[in-house]
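Numbering (the working numbering), first residue to last: 1 to 338.
Quick caveat, the hints were computed from the structure, so don't treat them as lab data. Just so it is clear, CB atoms sit at the ideal spot from N, CA and C, and this is done for glycine as well. Some hints here could point you the wrong way.
[To be verified] Here are the simulated lysine-lysine pairs, DSS-like style, with alpha carbons at most 30 Å apart: (1) K326 to K203; (2) K111 to K94; (3) K243 to K313; (4) K238 to K272; (5) K119 to K101; (6) K249 to K272; (7) K243 to K326; (8) K326 to K313; (9) K313 to K5; (10) K326 to K272; (11) K74 to K119; (12) K101 to K74; (13) K5 to K181; (14) K74 to K111; (15) K249 to K326; (16) K101 to K238; (17) K111 to K181; (18) K243 to K272; (19) K101 to K203; (20) K181 to K74; (21) K243 to K329; (22) K74 to K203; (23) K203 to K119; (24) K5 to K74; (25) K249 to K329; (26) K203 to K238; (27) K272 to K329; (28) K181 to K94; (29) K119 to K181; (30) K74 to K94; (31) K203 to K181; (32) K238 to K249.
[Said to hold, decoys possible] Across the chosen pairs, the derived CB separations fall in these ranges: (33) G171 to D220: 20 to 30 Å; (34) D106 to T10: 38 to 48 Å; (35) T56 to P237: 34 to 44 Å; (36) D331 to A116: 46 to 56 Å; (37) Q333 to S135: 23 to 33 Å; (38) D295 to Q323: 13 to 23 Å; (39) D284 to G132: 13 to 23 Å; (40) L183 to G136: 18 to 28 Å.
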Amino acid sequence: MGQIKLNQVTKSFGEVQVIPPLDLTIEDGEFTVFVGPSGCGKSTLLRLIAGLEDITSGHIDIDGMDATNVPPAKRGLAMVFQSYALYPHMSVRKNIAFPMKMAGIDEAEQKRRIEAAAKALNLTDYLDRRPGQLSGGQRQRVAIGRAIVREPSAFLFDEPLSNLDAALRVGMRLEISELHKRLATTMIYVTHDQVEAMTMADKIVVLRAGFIEQVGSPLDLYHNPRNESVAGFIGSPKMNLIKGAEAQKHGVATIGIRPEHTDVSMSEGLWKGTVGVAEHLGSDTFIHVHNTGLDTGPGDMVTVRITGDIQAKHGDEIYLTPQLDKLHKFDAQGLRVD
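Work out the full structure: start from the sequences and follow the hints.
This is the structure we're talking about:
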């Protein structure tokens, strides 16, 4: 079992409340991602669940038991941090074994768990190496292995891939997702990278200033963002949010259109603009369009995404037409209008 429930949980540092009263349920076996901009409270919330920070009020239940005042080591959780925190003088085998040794687990059981974790993480051939002889991705796998052997009811990941380069991030993202499928254990994962959130999560929790903005599946948040904040955060490139006269034509304060839901022509369309930067990625092209006359905020730029390539270069005239059935509408308070 690995259900975690937060009931009216708050956290304050002195007079500053960083987590207002918050309710959240993470179901057994679920991969839940906390996502949001820097300072939104996602890592603080994870540390409250882990017991590394004391909650100010409310309570946390783990597997139906009140764990609010239970020490971190007795909550049945395992945490993987941004830094690998491996012992450089110890072999991979001894690094993975360390938490079991501290817990007094017998050597035969330690051996069984180490071999199972190493096999799951493709570390079998590296057990006798030291961390300095491993790549960044391998070291992160060792840190995950050290968590696996504790056989926790839930894994807590605090931005575990942020120290890796782009290629390793993609590889480790897939490995953690595969690991979740094999172990079927609850995982809570903190990231500021919404692409990681979209590709890994069963459920995404979007946070801003300590508040939960929206909870839902990746596609639910993509297709039905509750407000402008979620709409602008989920999706890459991010949604174009347009205010002013163009929004008023639709009877709202703001309209949103995703870059991939905008048709592009070099000869005709609803909005005329000028090509700024065109990013040719092969399978996709991102075009950043200026001088449309649309109120999109600083720079008044509109970003569009097309499949394949297009012969558009800096300074060209270009025409954009939003797919009206994919338009998102928001009121003056930034809330979704259906």
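Each hint, compared with the structure:
no., hint, result
1, K326 to K203, "holds, 23 Å"
2, K111 to K94, "holds, 10 Å"
3, K243 to K313, "holds, 27 Å"
4, K238 to K272, "holds, 20 Å"
5, K119 to K101, "holds, 20 Å"
6, K249 to K272, "holds, 17 Å"
7, K243 to K326, "holds, 17 Å"
8, K326 to K313, "holds, 27 Å"
9, K313 to K5, "violated, 52 Å"
10, K326 to K272, "holds, 20 Å"
11, K74 to K119, "holds, 27 Å"
12, K101 to K74, "holds, 16 Å"
13, K5 to K181, "holds, 22 Å"
14, K74 to K111, "holds, 23 Å"
15, K249 to K326, "holds, 16 Å"
16, K101 to K238, "violated, 47 Å"
17, K111 to K181, "holds, 23 Å"
18, K243 to K272, "holds, 17 Å"
19, K101 to K203, "violated, 35 Å"
20, K181 to K74, "holds, 25 Å"
21, K243 to K329, "holds, 10 Å"
22, K74 to K203, "holds, 26 Å"
23, K203 to K119, "holds, 28 Å"
24, K5 to K74, "holds, 17 Å"
25, K249 to K329, "holds, 11 Å"
26, K203 to K238, "holds, 20 Å"
27, K272 to K329, "holds, 22 Å"
28, K181 to K94, "holds, 26 Å"
29, K119 to K181, "holds, 15 Å"
30, K74 to K94, "holds, 22 Å"
31, K203 to K181, "holds, 15 Å"
32, K238 to K249, "holds, 23 Å"
33, G171 to D220: 20 to 30 Å, "holds, 27 Å"
34, D106 to T10: 38 to 48 Å, "holds, 42 Å"
35, T56 to P237: 34 to 44 Å, "holds, 38 Å"
36, D331 to A116: 46 to 56 Å, "holds, 53 Å"
37, Q333 to S135: 23 to 33 Å, "violated, 48 Å"
38, D295 to Q323: 13 to 23 Å, "holds, 20 Å"
39, D284 to G132: 13 to 23 Å, "violated, 39 Å"
40, L183 to G136: 18 to 28 Å, "holds, 23 Å"
In this structure, the earlier hints numbered 9, 16, 19, 37, 39 are contradicted, and the remaining ones agree with it.
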